[in-house]
Amino acid sequence: MTLVEVDYLPHPLKHPLKAVVLGTQAPVGGKELALLPILRYGCYNDHTMKLSREEVLHIALLARLGLTEAELDRFMEQLSHILENFEVLQQVDTTDVPPTAQSIPLQNVTKDDEVAASLPPGQILANAPRKEKEYFRVKAVLE
Amino acid sequence: MNYETIIGLEVHAQLLTKSKMFCRCSTDYASAPPNTHVCPVCLGMPGVLPTINQQAVEFTVMTALALNCTISDYTRFDRKNYPYPDLMKGYQISQSYAPFGHHGWLTIEANGEKKRVGIDNVHLEEDVAKLIHRTSPGGESYSLVDVNRAGVPLMEIVGEPDLRSPEEARQYLMKLRSILQYLGVSTANMEEGSFRCDANISIRPQDSTDLLAKVEVKNMNSFKAVYRALEYEAERQRKRAAEGKKLAQETRGWVEERGITVAQRSKEYAHDYRYFPEPDLAPLVLNREWVEAIRSKLPELPEARRDRFVAEYNLPLYDANLLTSSILMADYFEACMRGAPQKSAKPVANWIIGEFSRLLNATNTGINDSKVGPVALFDLVQLIHEGSISSTSGKSVLEEMFHTGKSADDIIKAQGLSQISDTEAIEREVMAVIRNNAQAVADYKAGKKQSLKFLVGQVMRATRGRANPTVVNELLEKKLEEG
Amino acid sequence: MIINQLTIHEAHEQLKARQLSSVELTKACLERINQTEPKVHALVTVTDELALKQAQKADQLIARGNTHPLTGIPVIIKDNMCTKGIPTTCSSKMLQNFIPPYDATVVEKLNNCGAVIMGKANMDEFAMGSSTEHSAFFPTHNPWDPSRVPGGSSGGSAVAVAADETIYALGSDTGGSIRQPAGFCSVTGMKPTYGRVSRYGLVAFASSLDQIGPLTKDVADCAIVLNAIAGFDNRDSTSVPEPTPDYTQYLTADLSGLVIGVPKEYFVQGMQKEVETAMQAAINRLEELGAKVDWEVSLPSTPYALAAYYIIAPSEASANLARYDGVKYGFSFTDTDSMWEALEKTRQFGFGDEVKRRIMLGTHALSAGYYDAWYLKAQKVRTLIRREFDQAFEKYDVLVTPTSPTVPFKIGEKLDDPLQMYLSDVCTLPINIAGLPAISIPAGFGNGLPIGMQIIGKPFSEETILKVAYAYEQATEWHKRKPQV
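Protein chains in written order, with our numbering: chain A, 1 to 143; chain B, 1 to 483; chain C, 1 to 485.
Hints may contain errors.
As the list claims (entries may be wrong) - Heads up, simulated EDC-like pairs for lysine to aspartate or glutamate below, C-alpha to C-alpha not over 16 Å straight-line:
no.	chain 1	residue 1	chain 2	residue 2
1	B	LYS18	A	ASP112
2	B	LYS18	A	GLU87
3	B	LYS453	B	GLU474
FYI, nobody ran anything at the bench for these hints, they're computed from the structure.
Produce the entire structure from the sequences given, and follow the hints as far as they go.
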């Protein structure tokens with residue numbers, strides 16, 4: 001068995017990569033750092049997938065996640081770092097490659113239109129943080 | 001400047017399946033106490049998975065076929081992501097990339113001409129929970145959630161912006177409702193919420209292709225509301241354009257009590273549905289055999305039935321159209337006609353379209369809920385036709401039938417309404433009327449033929465409507481000629 | 001004999017022979033839990049009363065001649081599988097008080113076998129993590145070295161088995177969450193083919209990748225548990241309606257005629273030397289057992305798997321976790337007048353950082369303007385990865401790789417660097433992307449720390465994987481080593 005050296009340049013790349021090594025092979029700061037393929041193919045594009053503050057705020061709004069200022073800064077940095085490393089994906093030639101959403105060879109899985117018992121009412125509301133009589137209760141939905 | 005109105009309608013119809021779209025809870029929640037038709041799946045509990053209700057798929061494909069759509073051979077469900085307290089999973093299982101049917105159409109009658117209105121697509125999704133808004137005695141406003149409705153199969157029919165007036169929109173909706181009812185896939189009842197309509201409306205300067213801002217109108221809960229809201233909105237947009245004001249692309253809500261639309265605040269909505277393939281469900285491949293099997297279950301649709309009514313019962317197109325606009329009315333008519341001769345068709349149609357419909361509408365009664373069954377109505381029409389009672393009496397007899405459920409025979413006997421066809425008896429009254437109305441008789445003889453009508457009326461009055469009008473006419477004419 | 005150290009098949013023989021009762025076995029495990037939990041923190045909930053009740057019932061069943069191999073055998077369930085009436089927290093503040101009104105299909109199946117459920121295992125919150133440090137409650141410690149992580153996200157399940165708190169456990173695996181902790185704790189852990197085991201009742205992380213599987217003390221036990229939990233479920237439309245073979249019938253020690261491939265992309269620079277050495281030795285051993293080994297297999301898209309995985313899984317997660325809104329169940333922030341603020345605060349305080357990161361990553365990857373570049377692209381790369389595996393399996397019966405490129409790392413070491421943490425799954429996640437079955441079995445130690453070997457098969461070839469694993473296991477002693485807790 002031989003170890004694969006950095007020079008195996010992956011097929012199906014559209015363009016040869018700039019061989020920028022993000023990680024290092026030696027321990028950094030006392031930590032053992034596993035240098036793995038993703039690191040070696042990271043960061044080569046001239047444009048950047050860095051997220052702006054506004055983008056992070058927009059994502060948080062879509063996901064309905066409240067963020068403190070500190071969280072905002074931290075996530076902006078971390079997510080940018082992650083996405084920059086994921087830019088490697090853009091280099092893969094996927095011309096005429098269909099997307100795969102599921103790995104099962106199934107189709108037309110349906111059920112008959114038959115009624116079965118619902119949950120006993122007590123169990124439906126058993127976990128409800130707020131309820132009123134037989135309803136779940138929420139803050140005013142109307143603005 | 002002249003503006004053209006451009007309208008496209010999006011209709012949601014609940015499907016008449018027994019169980020919900022992705023679980024086996026009953027869909028029959030209308031009179032159920034809140035939160036009783038709920039299971040972990042439709043409550044969106046952690047760990048649950050959906051399963052596809054095959055009947056809902058077939059109902060949707062059936063509708064797509066009836067609307068002349070192309071059926072996608074590969075379809076799938078997608079997740080439509082938006083947070084809202086009525087949406088249990090935080091996403092709605094819907095279809096975006098591959099709806100069951102696309103590129104269809106239906107025809108409406110506009111200004112006496114047939115017009116084809118495009119259907120962009122027909123797809124299937126799940127209904128959401130019901131929110132009930134409340135205010136506490138302390139003034140806190142809050143909402144209550146009833147999950148019974150969540151997960152009921154909901155079919156969406158997305159129309160092309162081919163409609164050019166609120167009237168066309170109304171025609172389109174009525175036609176669509178009628179088709180869904182004929183297919184038996186939905187009760188399509190707007191007031192009960194099983195048939196809902198949102199509209200996109202914009203105006204554009206005549207001879208231009210530039211649409212002004214598109215406005216989405218919501219909260220229309222009846223056919224009348226759709227018509228009024230669109231009329232209001234078209235006018236509002238015209239006025240603003242005429243004043244040189246800019247039109248905003250926005251969502252507006254129809255306020256029934258005030259008869260206006262108002263802009264809905266959109267600040268809190270971040271619209272990005274982030275559709276992606278539903279990983280919990282396998283794709284559906286609508287192969288030819290399956291589609292043909294569904295096609296073979298298609299019932300006769302309104303237009304075909306109308307044409308058959310014209311051919312089979314020799315009805316005027318107008319009558320056939322009215323009768324077949326509702327499957328229930330058309331069924332009722334055919335139940336009346338079961339075993340009856342073709343010549344009864346026109347009088348039966350007249351009574352259904354006329355007096356019977358008036359009574360139904362006035363009392364807001366469904367045709368199947370009325371106390372007058374098709375056999376009873378046919379008997380009444382037959383009695384009138386045979387001359388046993390006059391058609392004037394017929395109206396009051398029908399009303400009595402309608403309210404009491406008694407048969408025409410019983411009512412006629414009880415009220416002594418049966419028609420006098422005995423010539424001798426009528427002749428006595430005719431002679432009396434001629435004696436007592438010298439002026440009218442003179443007018444008639446001088447050539448004023450309409451005087452006859454007056455004299456007939458006098459005879460009918462004398463007999464309290466019971467004389468057979470045909471006999472009265474004949475006798476009067478004869479006596480006047482003789483005299 | 002230390003009875004809580006027994007395997008399923010050993011315990012079953014003794015139960016059947018009435019040399020041991022389920023109550024005794026259960027009590028031994030509960031005692032062990034009391035003794036080791038303060039050190040390893042593997043469990044979130046211990047259901048001792050229920051377990052003893054179930055054990056008594058199991059003893060009655062056995063007395064009446066019930067001979068199912070799982071009857072009366074204690075099990076620990078990862079806390080993301082719904083257990084009716086027992087809290088199911090996903091190790092999240094969000095579900096700290098959630099008590100499901102229903103059982104997951106696998107739990108139902110185990111109950112039908114007369115299983116003894118002793119508790120729920122700690123995990124990375126919502127199964128998002130590779131170290132069990134992302135539990136909202138406490139980190140779990142590796143019994144081989146308490147200063148190190150046990151791997152994750154099924155770290156609690158793996159530790160409960162490794163520390164003999166239980167006879168076996170169930171875990172879930174989305175990108176390595178059974179195999180990587182199995183490797184780190186020196187136990188056997190299998191991720192079955194996607195669709196083999198029903199996911200109904202498994203709290204979803206990434207629906208197209210999640211799969212439930214066994215964590216056991218040896219390969220024979222793995223086959224027994226897989227027998228019990230595999231199979232079609234009409235509540236899971238992605239479960240495959242095919243009969244499952246009796247996996248215990250395939251456990252033979254002879255590998256002659258078998259062709260094994262070793263994909264070179266899994267042996268890259270940066271992999272720890274001791275892992276490489278152990279793998280070299282393990283594969284040599286497989287060759288000695290009669291298998292033909294090809295050391296030069298190439299799966300060229302492997303370097304893109306990590307990025308594809310960390311786009312696809314968070315995308316699905318962003319939708320799966322949208323239901324936690326504080327309305328129907330779970331944590332709810334109510335100290336506000338606004339519904340929207342309540343929703344945002346509920347999620348802000350209910351979710352931990354890693355969950356938030358992944359929700360945001362997925363939300364971004366699906367959002368308008370980024371969908372094609374991220375989500376769709378990742379799905380296309382997924383196609384390439386699956387194709388390469390399919391091609392490889394035309395030539396090879398199984399592929400063999402390390403389970404993880406490293407031995408267990410220190411607690412806290414990768415907490416501040418999410419990407420480094422993600423890299424811990426680099427050998428396991430391509431298998432989830434392709435929906436394949438794979439097992440991790442003990443294959444040596446480096447400086448006293450466990451090293452796992454991953455055996456990958458083609459879809460629905462669990463029996464082949466088990467056969468290879470069994471042959472290796474029978475020829476080695478790694479699985480018999482016990483940590484000192």
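Query - Those earlier numbered hints the structure runs against, lowest number first - result: Those not satisfied come down to hint 2.
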